[in-house]
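Asks: Residue strings, one per chain:
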Amino acid sequence: AQRVTQPEKLLSVFKGAPVELKCNYSYSGSPELFWYVQYSRQRLQLLLRHISRESIKGFTADLNKGETSFHLKKPFAQEEDSAMYYCALRQYGGSQGNLIFGKGTKLSVKP
Amino acid sequence: GAGVSQSPSNKVTEKGKDVELRCDPISGHTALYWYRQSLGQGLEFLIYFQGNSAPDKSGLPSDRFSAERTGGSVSTLTIQRTQQEDSAVYLCASSSRTGRNEQFFGPGTRLTVL
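Residue numbers (our numbering), protein chains in the order written: chain Y, 779 to 889; chain U, 909 to 1022.
It should be emphasised that the hints constitute simulated quantities derived from the structure, not laboratory data. Remember, predicted model here, so these are calculated numbers, not experimental data. Where is the CB? At the ideal position from N, CA and C, for every residue including glycine. Check before you lean on any hint, since a few could be wrong.
[Unchecked claim] If you want a taste of the chain U side facing chain Y, the calculated C-beta under 10 Å gives, among others:
hint, residue
1, 911
2, 951
3, 966
4, 1001
[Stated by the list, open to error] Calculated from the model, a selection of chain Y residues having no Cβ within reach of chain U, i.e. all distances over 10 Å:
hint, residue
5, 779
6, 842
7, 875
[Unchecked claim] Now the stretches of chain U that chain Y is said to cover, found in silico as 3 or more residues with beta-carbon under 8 Å:
hint, region
8, 938-949
9, 1014-1020
With the sequences and hints as input, model every part of the structure.
Replies: See the structure below:
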């Protein structure tokens, strides 16, 4: 079964602390992994995708096929990082297939 | 340019009534998606349109749900005989064939079924 699991509903850290949002997936083919973010009263937007191997707003994520994970990390959290984060996947090379989302993790960064 | 727009932003209806939700994708985007965001359930895929191809309806939860896309642009999601469990935020997204194929999301329609 195709599934994305985000084990933490809520993650609370202090400003300046490292943060890791966990994502594990189950997929029979070769997946393309994404992290989407939704800030308060804003629309859902793409944060980063594994094929780009980029760092956005200080966040990075590495695809670990052995552990079927795609955890999102940032070494020093900022208050403006507080948001809802969704991990998602689709068939790699599937061009425009639908995304399969996890249930999301709410990140709260305290001052 | 303008992003994906959806209307209405909020809809309150009574159980058993039909509702129509509208999505205007980004101009030139050939792919259009509908998702449902329920409390505690995350985002669930509903239906996907690609150009003039037959839509992928595999995510529709029941035959009360249907969607159409006219002229390859605007899409309407219709829910017949609404139930309380249909209450959710309905999100629309669109993407192009070129570039990163990133899905751009609309602001959503919050549906409340009383």
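Asks: Are any of the numbered hints broken by this structure? If so, which, sorted upward?
Replies: Number 7 - this is the single hint that the structure violates.
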